[in-house]
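Here the protein sequences come in this chain order: G and A.
In terms of our numbering, the first sequence opens at residue 1 and continues consecutively.
In terms of our numbering, the second sequence opens at residue 1 and continues consecutively.
Among these hints, one or two may not hold up.
Unchecked claim - Calculated Cβ distances over 10 Å to all of chain G for the following chain A residues: (1) Leu22; (2) Thr25; (3) Gln41; (4) Leu55; (5) Pro61; (6) Phe68; (7) Gly74; (8) Lys76; (9) Val78; (10) Phe129; (11) Thr132.
Said to hold, decoys possible - Straight-line alpha carbon distances no greater than 30 Å define the calculated DSS-like cross-link-like pairs of lysine-lysine that follow: (12) A:Lys137 to A:Lys5; (13) A:Lys166 to G:Lys129; (14) G:Lys22 to A:Lys104; (15) A:Lys76 to A:Lys104; (16) A:Lys137 to G:Lys30; (17) A:Lys164 to A:Lys104; (18) A:Lys29 to G:Lys30; (19) A:Lys67 to G:Lys20.
Because the hints were derived from the structure by calculation, they are not lab data.
Glycine included, C-beta positions come from ideal geometry on N, C-alpha and C.
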Amino acid sequence: MFERILYITAVVFLIVSYVKDKGKTRTALKKSWKAFANIFPAMAGVLALMGLVLTVLSPEIISRLMGNKTGFVGMVITSVVGAITLIPGFIAFPLASSLLERGAGITQIAVFISTLMMVGVVTAPLETKYFGRRETVLRNAFCYVFSFIAALIIGMVTA
Amino acid sequence: MKMVKPYLLLIIIIVIDVVLFLNDTTTGKQILQVTAQNFIQMLSVLPPIFLLIGLLDVWVPRETIIKFLGENSGIKGVFLSIFMGVAAAGPLYAAFPVVGIMMKKGARFTNVLIFLGAWSTMKIPMFLFEITSLGAKFAVTRWLLSLVGILIIAWFIDKLIGNKEKHAIYAKHADNSGSQK
Numbered sequence: 001m002f003e004r005i006l007y008i009t010a011v012v013f014l015i016v017s018y019v020k021d022k023g024k025t026r027t028a029l030k031k032s033w034k035a036f037a038n039i040f041p042a043m044a045g046v047l048a049l050m051g052l053v054l055t056v057l058s059p060e061i062i063s064r065l066m067g068n069k070t071g072f073v074g075m076v077i078t079s080v081v082g083a084i085t086l087i088p089g090f091i092a093f094p095l096a097s098s099l100l101e102r103g104a105g106i107t108q109i110a111v112f113i114s115t116l117m118m119v120g121v122v123t124a125p126l127e128t129k130y131f132g133r134r135e136t137v138l139r140n141a142f143c144y145v146f147s148f149i150a151a152l153i154i155g156m157v158t159a
Numbered sequence: 001m002k003m004v005k006p007y008l009l010l011i012i013i014i015v016i017d018v019v020l021f022l023n024d025t026t027t028g029k030q031i032l033q034v035t036a037q038n039f040i041q042m043l044s045v046l047p048p049i050f051l052l053i054g055l056l057d058v059w060v061p062r063e064t065i066i067k068f069l070g071e072n073s074g075i076k077g078v079f080l081s082i083f084m085g086v087a088a089a090g091p092l093y094a095a096f097p098v099v100g101i102m103m104k105k106g107a108r109f110t111n112v113l114i115f116l117g118a119w120s121t122m123k124i125p126m127f128l129f130e131i132t133s134l135g136a137k138f139a140v141t142r143w144l145l146s147l148v149g150i151l152i153i154a155w156f157i158d159k160l161i162g163n164k165e166k167h168a169i170y171a172k173h174a175d176n177s178g179s180q181k
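Chain G with its partners taken away, still in its complex shape (with noise of 0.2 Å):
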């Protein structure tokens, strides 16, 4: 549904863009084209790596890989299947609530849910491009260590 939202916002603007200024539009298009020219090698990249990275480490895998395990070290397992992965989260909240139901703890659920969705190793490529070394070094960093400090605290309260 939000995906349609955003095609009809885009048609929408461009058919007011295009009344408004043809030549203007057609600047816009060029832009547009070039933002995306420029960046493709390096999303196909990623892309592929996603490829790989999803099947090698499958929903089945990851759910064996993390099994019941509890404690700080089922929590650095699914941290680090977290940070590497890039599932979707229409996979990734019914494996978690799957996991969760064959006795995964849920602080390991929820480090595996922050890391998941903030902290991009295979989306790295893509984030030095825009940002840097450093920038994409430190985000990452951060977010790994703040997907444990919320983890343990989500912990306490749904306990």
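Following the hints, complete the assembly by docking chain A onto the known chain G.
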């Protein structure tokens, strides 16, 4: 070599994929399938985003972005950055082009980082899905903690990355094709 370098990562991955395929056809096919899905998803998400980036580049003057998200935008700029991030749709990699145009138009570095943080982990569509799969207590706690977390992380990164480096990052996104403002 100049043509090859941007595609280096892609080429390396393709070589690994081919080697895996030759060793184990099932896994190879699976990789092919997942990769194809990724590309299809990219092609469904990115067109409107890049379209909006192009339109924004041409129609919205730098001054406007500076006013709303720039150095002196204050707390309003922070709120706007969070709002833009949570209202987004699409995977994290789709946020980077948006971040690029934000920096090009003079958004403040902390605001850019806050936007990226909100996009990564606080998106409303994801949040709603998280509530239904993991419960409201879990999702709401995580959302609120993330809100605090991304603000602190943005502040730290901003402090740790010096002005000189910040200028270098912004220079990457500066317009060099002589566009109209």
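Consistency of the hints with the structure:
No beta-carbon of chain G is positioned within 10 Å of the beta-carbon of Leu22 (chain A); the least distance is around 15 Å. For Thr25 (chain A), the requirement that its beta carbon stay farther than 10 Å from each beta carbon of chain G is met, with the minimum near 13 Å. The Cβ of Gln41 (chain A) does not lie farther than 10 Å from every Cβ of chain G; its closest approach is about 8 Å, which violates its non-interface assignment. With a cut of 10 Å on Cβ distances, Leu55 (chain A) falls inside the contact zone with chain G, its closest approach being about 5 Å.
Against chain G, the non-interface label of Pro61 (chain A) holds: every CB pair exceeds 10 Å, the least being about 12 Å. With 10 Å as the threshold on Cβ separation, the claim that Phe68 (chain A) sits away from chain G holds: the shortest Cβ distance comes to roughly 18 Å. Once the 10 Å rule is applied to beta carbons, Gly74 (chain A) is consistent with being away from chain G; the minimum gap is 23 Å. For Lys76 (chain A), the condition that its CB be more than 10 Å from all CB atoms of chain G holds, with the nearest at approximately 22 Å.
Its beta-carbon lying about 17 Å from the closest one in chain G, Val78 (chain A) satisfies the requirement of being farther than 10 Å from that chain. Its closest Cβ contact with chain G, about 6 Å, brings Phe129 (chain A) to no more than 10 Å, contrary to its assignment away from the interface. At the 10 Å boundary, the C-beta of Thr132 (chain A) falls inside the reach of chain G, the nearest C-beta of that chain being 8 Å off. Restraint check: the Cα-Cα separation between Lys137 (chain A) and Lys5 (chain A) comes to about 47 Å, which exceeds 30 Å; the hinted pair is violated.
Between Lys166 (chain A) and Lys129 (chain G) the alpha-carbon distance is near 14 Å, which keeps this suggested pair within the 30 Å criterion. Among the hinted pairs, Lys22 (chain G) with Lys104 (chain A) is consistent with the structure: their alpha-carbon atoms are about 23 Å apart, no more than 30 Å. A distance of roughly 20 Å separates the Cα atoms of Lys76 (chain A) and Lys104 (chain A); the hinted pair therefore holds under the 30 Å criterion. Proximity of Lys137 (chain A) to Lys30 (chain G) is assessed by CA-CA distance (about 46 Å); at most 30 Å being required, the pair is judged violated.
At roughly 16 Å between alpha-carbon atoms, Lys164 (chain A) and Lys104 (chain A) fall within 30 Å of each other, so this suggested pair holds. Taken as a hint, the Lys29 (chain A) and Lys30 (chain G) pair is broken in the structure, with Cα atoms around 37 Å apart against an allowance of 30 Å. For the given pair, Lys67 (chain A) sits about 24 Å from Lys20 (chain G) by alpha-carbon distance, which is consistent with the 30 Å threshold.
Checked against the numbered hints given earlier, this structure breaks hints 3, 4, 10, 11, 12, 16 and 18; the rest are met.
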